[in-house]
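As you go down the protein sequences, you meet chains F, S and D in turn.
Here the working numbering is used: position 90 in the first sequence is 283, and no number is missing along the way.
Here the working numbering is used: position 104 in the second sequence is 107, and no number is missing along the way.
Here the working numbering is used: position 81 in the third sequence is 130, and no number is missing along the way.
Bear in mind the hints are in silico, worked out from the structure with no lab data behind them.
There could be a bad hint or two in this list.
[Unchecked claim] Chain S side only, calculated, beta carbon under 8 angstroms to chain F, not exhaustive: (1) Thr70; (2) Thr83; (3) Lys103.
Every residue gets a Cβ at the ideal spot worked out from N, C-alpha and C, and that includes glycine.
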Amino acid sequence: MAVLIDLVLLSMLAITALRVIFLKDLFAVVMLFGIYSLLSALIFVNLDAVDVAFTEAAVGAGISTVLMLSTLALTGRTEKENKRSSVLPLLVVIATGAALIYGTLDMPPFGAADNPIHQHVAPRYIEESPKEVGLPNLVTSVLASYRGFDTFGETVVVFSAMVGVLSLLGAARRRENSDDAAVIVAGFKGHKVLRVVAKLIIPLIILFALYVQFHGDFGPGGGFQAGVIAAAAFILYALVFSLSHAMQVVSPKFLQLLASLGVLLYASVGIYSMLKGGHFLDYNKLAADPLVGQHFGILIIELGVGIAVFAVMLSIFYAFAHQVERSTIK
Amino acid sequence: MSYVLDYYNYWVVVFLMMAGFYTVISANNLVKKIVGLNIFQTSVFMLYITMGKVSDGTAPILAEGVTQYSNPLPHVLILTAIVVGVATTAVGLSLIVRIKRAYGTVEENEFENKDDAI
Amino acid sequence: MLVLDIVSSILLMTGIFFGFSGAVGLFRFPDFFTRVHAASITDSIAVILIIAGLLLQTSFDLNTAKLMFILMFLMITSPTASHALAKSARHGGLLTLGESKQQQKQQKEQMQQQEAGQ
Numbered sequence: 194m195a196v197l198i199d200l201v202l203l204s205m206l207a208i209t210a211l212r213v214i215f216l217k218d219l220f221a222v223v224m225l226f227g228i229y230s231l232l233s234a235l236i237f238v239n240l241d242a243v244d245v246a247f248t249e250a251a252v253g254a255g256i257s258t259v260l261m262l263s264t265l266a267l268t269g270r271t272e273k274e275n276k277r278s279s280v281l282p283l284l285v286v287i288a289t290g291a292a293l294i295y296g297t298l299d300m301p302p303f304g305a306a307d308n309p310i311h312q313h314v315a316p317r318y319i320e321e322s323p324k325e326v327g328l329p330n331l332v333t334s335v336l337a338s339y340r341g342f343d344t345f346g347e348t349v350v351v352f353s354a355m356v357g358v359l360s361l362l363g364a365a366r367r368r369e370n371s372d373d374a375a376v377i378v379a380g381f382k383g384h385k386v387l388r389v390v391a392k393l394i395i396p397l398i399i400l401f402a403l404y405v406q407f408h409g410d411f412g413p414g415g416g417f418q419a420g421v422i423a424a425a426a427f428i429l430y431a432l433v434f435s436l437s438h439a440m441q442v443v444s445p446k447f448l449q450l451l452a453s454l455g456v457l458l459y460a461s462v463g464i465y466s467m468l469k470g471g472h473f474l475d476y477n478k479l480a481a482d483p484l485v486g487q488h489f490g491i492l493i494i495e496l497g498v499g500i501a502v503f504a505v506m507l508s509i510f511y512a513f514a515h516q517v518e519r520s521t522i523k
Numbered sequence: 004m005s006y007v008l009d010y011y012n013y014w015v016v017v018f019l020m021m022a023g024f025y026t027v028i029s030a031n032n033l034v035k036k037i038v039g040l041n042i043f044q045t046s047v048f049m050l051y052i053t054m055g056k057v058s059d060g061t062a063p064i065l066a067e068g069v070t071q072y073s074n075p076l077p078h079v080l081i082l083t084a085i086v087v088g089v090a091t092t093a094v095g096l097s098l099i100v101r102i103k104r105a106y107g108t109v110e111e112n113e114f115e116n117k118d119d120a121i
Numbered sequence: 050m051l052v053l054d055i056v057s058s059i060l061l062m063t064g065i066f067f068g069f070s071g072a073v074g075l076f077r078f079p080d081f082f083t084r085v086h087a088a089s090i091t092d093s094i095a096v097i098l099i100i101a102g103l104l105l106q107t108s109f110d111l112n113t114a115k116l117m118f119i120l121m122f123l124m125i126t127s128p129t130a131s132h133a134l135a136k137s138a139r140h141g142g143l144l145t146l147g148e149s150k151q152q153q154k155q156q157k158e159q160m161q162q163q164e165a166g167q
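With the rest of the complex left out, here is chain F (with noise of 0.2 angstroms):
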């Protein structure tokens, strides 16, 4: 049955993917990237990869067709007709995918229990977790403990994302004069329902984004999770009520603290596990006992990563829906 799931979502989303290339209206091939998203996040529900799923339906269906939309309320939706001649570019492509075909045929049978990957450092961690880390979800402690560099580094590349999309696209300031904010707001007035909804719904998100964050040690979850989670909640509130209210609420300035303050806090466990005499990051040294003290790590630098990924990613939203609002008003 899992097969047969699986299946007939791939062919969905080959069809789904066939159907981008030859749209030429943007809205619609933006639309479509977030139905390919949450088809994608289907598929890996059935594939095992709960984690994964959650966060491919959180960060694809919502931040990213988010970012593409406000992009292109600045760009124009329509792509225009392209004269260069596509023989070329389709030779590459069918040279380099029948090359590839070729190449998954010594790929080892999907799914076999005795598959190479399956027998490096895998049986480790699902042999030895319950007494090195003892958490019951495998992936959380692989992610904060085993591969905690890893992480770290992650974090700090979205971290430098940030950056990167600020300097760019300047930082949002909160506006002063409230003239400009009136227009904006006067589009969503008619909309009561949308508003009572947003009101009523909005903290039960954060809710869930809080509940994403601090149960991710027992099931599905954690800090990349439960950070966009949180900040599409921020989002949807700029969305219904404008950008300004959301500001007041938080302001982009905090953000910016906020996001820093959650790589050092991920970092100072590093640090702190250094003093008390062992590696970067070994959580062993935190408390008297290691599975207490590697409980007390992940639970900490988890909240780093989930404080960090919220402020990045709203402080990117306020920086594109900032541009939009710039264009809407001249």
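Chains S and D: place on chain F using the hints.
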């Protein structure tokens, strides 16, 4: 039939990869190029997760009475890659916004012509 | 136990039927507003029936509560989404099929009057 089932996921991954690749090299509009790049990226995610799957395995969350788990390592790699992916996509999109400001267009051939004119 | 299973499968089947009819309507209906109507059937009645069917399959534990929350959440969000969609289309000046036909008719009459006047 079982031969097809063994490799179907990989073939779809290659197809998606090529669809993304084609969009990147043939599209003229920069936003569409970014969408193509994202499709390429998701196909790589799919490749990793496919390799991590074990038949009859369950999600890697320890539970009583379960003996076979899927491989957690690819999940960890891809989970972080997705978030990093959206952050880098944002950088790409903001570059596009700047290009629009500077050239008044996001069609590749048009701003290349403007470059040549200078 | 058997009775519950039968009831739950009937609920699931009717839910699937409504979901399918919503999808067919999305493709076959003539204008935007009727299509939104078809799509909102998938969000509302199909979801209620499917979750009710799934509720009967649980053994009244944590999963039951989770399903109830999902149902509640969907009951709030999906009608709102349909409403916002239809309202935005209306504000954007989109006419229903009947209205646009009427408008065409009026335009035709005006043209004829003008021609007669000349």
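Results of checking the hints against the structure:
Of the supplied interface hints, the one on Thr70/S is violated, with its beta-carbon coming no nearer than about 10 angstroms to a beta-carbon of chain F, more than 8 angstroms. The interface hint given for Thr83/S holds, since its Cβ lies 4 angstroms from the closest Cβ of chain F, which is under the 8 angstroms cut-off. Taking 8 angstroms as the C-beta contact cut-off toward chain F, the hint placing Lys103/S at the interface holds, the least distance being around 5 angstroms.
The structure shown violates just one earlier hint, number 1.
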